[in-house]
Every structure is written in structure tokens, then in C-alpha cells.
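J.: One line per chain: the protein sequences are A and B, in this order.
Per the numbering used here, numbering of the first sequence is gapless, rising by one per residue and ending at 129.
Per the numbering used here, numbering of the second sequence is gapless, rising by one per residue and ending at 267.
Since the hints were derived computationally from the structure, they do not count as laboratory data.
There may be inaccurate statements among the hints.
[What the hints assert, rightly or not] Here chain A is said to cover these stretches of chain B; the calculated rule only asks that three of the stretch's residues, wherever they fall, bring their Cβ under 8 Å from a Cβ of chain A:
no. : region
1   : 57 to 63
2   : 177 to 191
3   : 205 to 214
[Said to hold, decoys possible] Residues from chain A that keep clear of chain B, each with C-beta distances beyond 12 Å, as calculated:
no. : residue
4   : Pro-35
5   : Thr-37
6   : Leu-38
7   : Val-41
8   : Lys-59
9   : Glu-60
10  : Asp-62
11  : Gly-63
12  : Thr-66
13  : Asn-69
14  : Ser-74
15  : Pro-75
16  : Lys-89
17  : Val-90
18  : Ala-101
19  : Ala-105
[Said to hold, decoys possible] One-sided and incomplete, this derived list gives chain B residues near chain A with beta-carbon spacing under 8 Å:
no. : residue
20  : Ser-101
21  : Ala-107
22  : Gly-142
23  : Trp-165
24  : Ile-250
Every value quoted in this text rests on a predicted model; they were computed, and no experiment measured them.
Even for Gly, the Cβ is constructed at its ideal location relative to N, Cα and C.
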Amino acid sequence: MRSVTLAAAALVALLGARHAVAHHSFATQYDANAPVTLSGVVTKVEWTNPHARFYVDVKEPDGSVTNWNLELASPNVLRCNGWQRDSLKVGDEVLVEGSAARSGAKMANARVVRLADGTRVFARGPEDN
Amino acid sequence: MTVRPLAIAVAACCALHTAVAVAQSEPPAATSAAGSGGLSNPAIVPEVPDAPPPRLPDGTVDLTGIWSGGGPIGNIADGLLPGEEIVLLPDSEALMKSRLSRDDPEANCLPTGVPRIAPYPWRIVQHPPHGPATHLFFLFEGNIHSYRQIFVDGRGHPDDLDPTWYGHSIGHWEDDTLVVETIGFNDLFWFDFAGHPHTEQLRVIERYTRTSFGTLENEITIIDPGAYAKPFTVKYTATLRPGWELMEYICNENNQDVPHLIGPPGL
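Just chain A, same shape as in the assembly:
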């Protein structure tokens, strides 16, 4: 259990530092008080700096499809959390919880990414359990 305990402690620390793990201000780009929940299919994954990103086609209530741009941490931060560049694949059905961009763009900071089988990918803190 030791490593599990350590991992949990580490994730607590990560949560506390979450908004600082970026090369830009989190608060001026995303509104932590504007949560979004998106369900759709992954259309592209960019394993790039300064942030890894993925894009999801989301069906709107009127039947149209909107492509959302979802920001993650940097590839090295994600690797440090055990993720790989193929942890999320094009075609995966995902449920994403995040914070919406203040600019009004179809963009969000992804906090929790859940696959159809419930597996969490790029989870970022203990509240994601």
C-alpha cells in the first residue's frame, strides 16, 4: 500500500499546484467557476508543448456537431503522472469535465477525462476518483 499512499499524497500536491503548472496564468484563460461537461469522440490528439491538447466532436442539442479544443498539462507533466502519448486515441468516446475558456471559444482546460468503460485518463487530482 505504500506506493499507493505516496501516489495519493503526490496527487494532493499536484492538485494544489495544478493552476501553476502552465506557462501562462490559469485564471485569466479559464473560469474555474464555469465548469463544462462534454461528451463526444476524440478527433485529434496533439502531444506538444507548451500543452498537450485533444479535440472532441460534441453533439449539440440541435444535432449539429461542435469540435472542442481541450488543454492538458505539458507532455512531461503528463508523463510524470504515468500517461503516454497514446493514452488517449482518436476515436475514443470520452466524457470530459473541465473549466471553460473565458474568451468564449469552444475551448476548455480538461480536469477529468473518462473513457466509455469508466477508465480515467489524464486525471489530475484526488477529487477525480
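Based on these hints, arrange chain B on the given structure of chain A.
T.: Below, chain B without anything else, positioned relative to chain A:
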């Protein structure tokens, strides 16, 4: 030598995983069934020896290693020592108030300058490696993928410095503390996300003390009569990240953030 867990390991980054297998000795949680929500990734949790700082054969403290932190990120005022205060001159106060988050050089993939640090790991290299060092190099993963060079060979500052992002740094040892003085800065970088400014008159004194194997304290005095009414001193602590490695970080590769940074600077 005992080993203690480094709890905040995953707050930053690591590209090399094979050297930190201790904390991963247990298999990751199994992929969960729908809705049960088990974590499926094993976080990397390096361990730091609970030991005094290592020394070179000549007795000098060895600062080499991968570190994270050690300087301001969000707001330099967070590191103020007791009794210290930041007093902006009117022009600098007006400049700071006029700044917009999207103009932050770091957000635009430009260097942090000094003493700002990015939330990514960095490495200290000493040359020659077995001391006494005449040069120290700070290699930054981000932001940007760049370096500082600290001359510890007794030279002074040149008379005709061109203003630069990292300035010209000379260092000397005072007991176990490496004292680094840097001048020759441009006025382009910010001290933090909050937008604290400076002028080309900036002089920074950093006092690096490796107080334990895994801890590097950095006491920083900011002297800039062009921007601040008086010097002020802040203190930050860098943490050793054994087993981590720097990863390529080309900020301009996919920097989509700037148009979406709204309003004045913020955390």
C-alpha cells in the same frame, strides 16, 4: 542513508521513468469498470535521500541535479521575508496596472528572466564536475528551453554589457552559500504572472544554500532604483527531483493560449 518520500513529486515533470521504479513497485490499479472510477495510471514518485548536502572532493557543496521551483511563479510578493515589502515607484506602478495577461512574455514563449522560475524542472551543471567549479550552468526545460551561465572563476562584470533576458552572472562562495550577482538585464521580462516590472537598472543577488540533500534555498534580493523605492528580499525553495530528466520543450510548437488570456494579469 534513509530514504523519505517526496510527496510533491508529480507537481512538475519527469521524462525518465526507469530510474524511479521504487514507488512503482506495485502494479497500477486495474482498469475500472464503468462508473467505479479507479485511477489507471501509476504516478511517478521519486524518493529523496534524507541526508546532508553532498560535497565535492575540495569540500564545496555540490549543487548539481534536477530541481524544481526556487523562484517566483505567480506573485513575487508571496516569497517576501518577514519585514520586507515591495514599494513600486509611481511609473512602475502605472506600468504594472497597465499590463494585460496576454502580454506576459512567458505566455508568449519568451524567457522568464531572473529570478522568475517556470513550473518545470531545471538542472544545475557544475564545471569542472569534481570542483572547484569555475562555471555553473542552469539548464531550463521551459519556459523557454534555455540556460543561464554563472561565472565562478573570479571575473567581474564587463563594462559594456548588452541588456539581455538573463543578464551577466558572477558567483562566489560564502561558506556553504553560493552568492550570484547578476546585472545587464533588459526590461522585457516580468517577475511573475502578476506582472511585477523592472528596469535595466535591475541588480539581483541570489544566495543559494543546499540545506539538505533534497533542498536548495534561494534568498533573492531585488535592487532596482528605477522601479522600486527600496530593495526587497524574497526566499524560495527548490526541491531535488531524483530520477527525473529534462524533456524537450519547444514552447512555440503549439502555443494557442495567448489570444485567450483575458484582462489584467492574474494567477
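J.: Take the hints in turn and mark each one as holding or not.
T.: Hint check:
1. 57 to 63: violated (count 0)
2. 177 to 191: violated (count 0)
3. 205 to 214: Coverage by chain A is violated here, the residue count being 0 at a Cβ distance below 8 Å.
4. Pro-35: holds, 17 Å
5. Thr-37: A:Thr-37 is indeed farther than 12 Å from all Cβ atoms of chain B, at 15 Å.
6. Leu-38: holds, 17 Å
7. Val-41: Nearest chain B Cβ is 17 Å from A:Val-41, so the label holds.
8. Lys-59: It holds; A:Lys-59 is separated from chain B by about 20 Å at its closest Cβ, greater than 12 Å.
9. Glu-60: holds, 21 Å
10. Asp-62: The claim holds: A:Asp-62 sits with its nearest Cβ about 25 Å from chain B, beyond 12 Å.
11. Gly-63: holds, 26 Å
12. Thr-66: Correct as stated: the minimum Cβ-Cβ distance to chain B is 17 Å, above 12 Å.
13. Asn-69: violated, 7 Å
14. Ser-74: violated, 6 Å
15. Pro-75: Given a closest Cβ separation of 7 Å, the condition is violated.
16. Lys-89: At roughly 14 Å from the nearest Cβ of chain B, A:Lys-89 sits farther out than 12 Å, so the non-interface label holds.
17. Val-90: holds, 17 Å
18. Ala-101: violated, 5 Å
19. Ala-105: violated, 6 Å
20. Ser-101: Holds, because the Cβ-Cβ distance from B:Ser-101 to chain A comes to roughly 4 Å (cut-off 8 Å).
21. Ala-107: Status holds, d = 4 Å.
22. Gly-142: Cβ of B:Gly-142 sits 6 Å from chain A, so the hint holds.
23. Trp-165: violated, 15 Å
24. Ile-250: holds, 6 Å
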